[in-house]
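Q: The lines below spell out each chain.
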Amino acid sequence: MDAVMDELPLYWEGFRTTLALTLVSAAIALVLGTILGSFRVSPVPTLRGFGTAYVEIVRNTPLTLVFIFFVFVAPQLGWTPSDFFAPAVVALSVYTAAFVCEAIRSGINSVGQGQAEAARAIGLTFPQTLRLIVLPQSFRTVIPPLINIFIALTKNSSVAGGFFVAELFGVGEQLANSHPGDIIAVLLGVGVCYLVITIPAGLLAGYAERKVAFAR
Amino acid sequence: MSSVLYDVAGPRTRRRTLAWSIVGGLFVLALLFLAYRQLDSRGQWEAERWQVFWEPPLGQSAEDVWRSMLITGLGATLRAAGVAAVIALTAGLVLAVIRMSTSRLVRWPVTTVIEFFRGLPVVLLMFFAVFALGLPTFWGVVFGLAVYNSAIFAEILRAGIVSLPKGQSEAAYAVGLSRMQTLFSILLPQAVRRMLPSLVSQLVVLLKDTSLGFIIAYPELLRHLQTNTQFFGQRYWFQFFVVGAAIYIAVNFTLSRLAVYLERRGTKKAAGGVAKAAEPVGGKVGGGEAGPAV
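Note that the protein sequences, when read in sequence, are chains E and H.
Read in the UniProt record's numbering, the first sequence has 20 at position 20, and its numbers run on one by one without any break.
Read in the UniProt record's numbering, the second sequence has 163 at position 163, and its numbers run on one by one without any break.
Keep in mind the hints are simulated off the structure, nothing from the lab.
It is possible that some hints are incorrect.
[What the hints assert, rightly or not] Partner residues are not named here, just some residues of chain H that face chain E (Cβ under 10 Å, in silico):
hint : residue
1    : 120
2    : 245
3    : 255
From a predicted model like this one, the values you see are computed outputs, not experimental measurements.
The C-beta atom is built at its ideal place from N, Cα and C for all residues, glycine as well.
With these hints in hand, go ahead and build the complete structure from the sequences.
A: Here is the structure:
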């Protein structure tokens, strides 16, 4: 237990890195995922095909393999970043974008058909229908699954610890080496740090879900 | 699909769609071309680099290379996934049954345990098992996957039971079945069938998560890719990555297709048979795709 208390600054450092990783990747994934999601419902076949291919490939690839690509393979292809934070952010964003895309797409499908029909009836074009009528309404339905995706992202950011980023899990590995006697307490501390993020977020998702269901 | 978003195209729209199609196609082609050129400038397409798969250097045979990936590597991945899936499904069922109990004293601890393990990263659980509990890496991977996924499976099964119409359990009680009989012969069979797609997609997640064993040095597929590049040289990383990714995608894609097939079959049966009435608004809780499958 003392080990945990002594190393609190290191935990704090790891916690902050985890938060930074999660937030930056979440923002990028949200943008990328929304673009891909609108590709997937667009009338243009090539864009639709591109969106589908992206989602199918990324969803069937393990995150570790994505990390391997950006950390080990990318330097062979000419990308040599100065630290390991950037490749971790790219790997997490690329991976999470596929799930964001799917959530947005099913959100779009959940908006009542009459909405899109009415928009078409008053002469809005496809981009207008999507931007002005359907997407704003779908964002509401999409919020609970999006929160769940970001909870998963928080947990997934732990993989970065295995690829040389000193976030929570990386700190845990480091401390497990330096305090082999207190390993259970040390790792429990890391676990608690994750739960501090994931459990409130889960409650929030549940609350949002009830809210949305109520409004229907 | 969501064709309701746009009209059946007239001649002008069709021309415009075609134009955008070409623009989109050029955009995709440009991306592919950039990727190709970048790879080409690094000499990744040289035949010599790919020869590692049929005539490897350093006195190895092609059979050694493929055996290390497909039999030793993929074998270890599938073995860990298989054992973990069996344990997680069994434990998930037990947890779900306990969580449906009427006694709060029994229900509460199980709910806490489920919430606890659901909020932790799988790789942390694996690391804990190997370095705190001292398990061998195989069982470390199985431990992490089984503990985490049993919590998820329990939640999926519970969501399935909750989504059933109330009349099912009322009718069961009315004909004099006990709580356990109702649960096991009336509710669970329906819940499992209803949740089959979610269960299969969670199995895909489980299979993907075996790759976290890479981080705790369990010699699964990705570890074997790395060992190969350490043996033949870092310059072969791209080649081994491509083959490894292809293997993973092929295996997972097959499983995902199975999920889609089961979903289709499930909806057909439900439409022709029992209780389509009480589809909950939030759709499926346990992950996977929400929204109407057309």
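Q: Hints first: check each against the structure and report whether it holds.
A: Tested hints:
1. Checking residue 120 of chain H against chain E: minimum C-beta separation of about 5 Å stays under 10 Å; hint holds.
2. Because the beta carbon of residue 245 of chain H sits about 6 Å from the nearest beta carbon in chain E, less than 10 Å, this interface hint is met.
3. Taking 10 Å as the C-beta cut-off, the interface hint given for residue 255 of chain H holds, the closest approach to chain E being about 9 Å.
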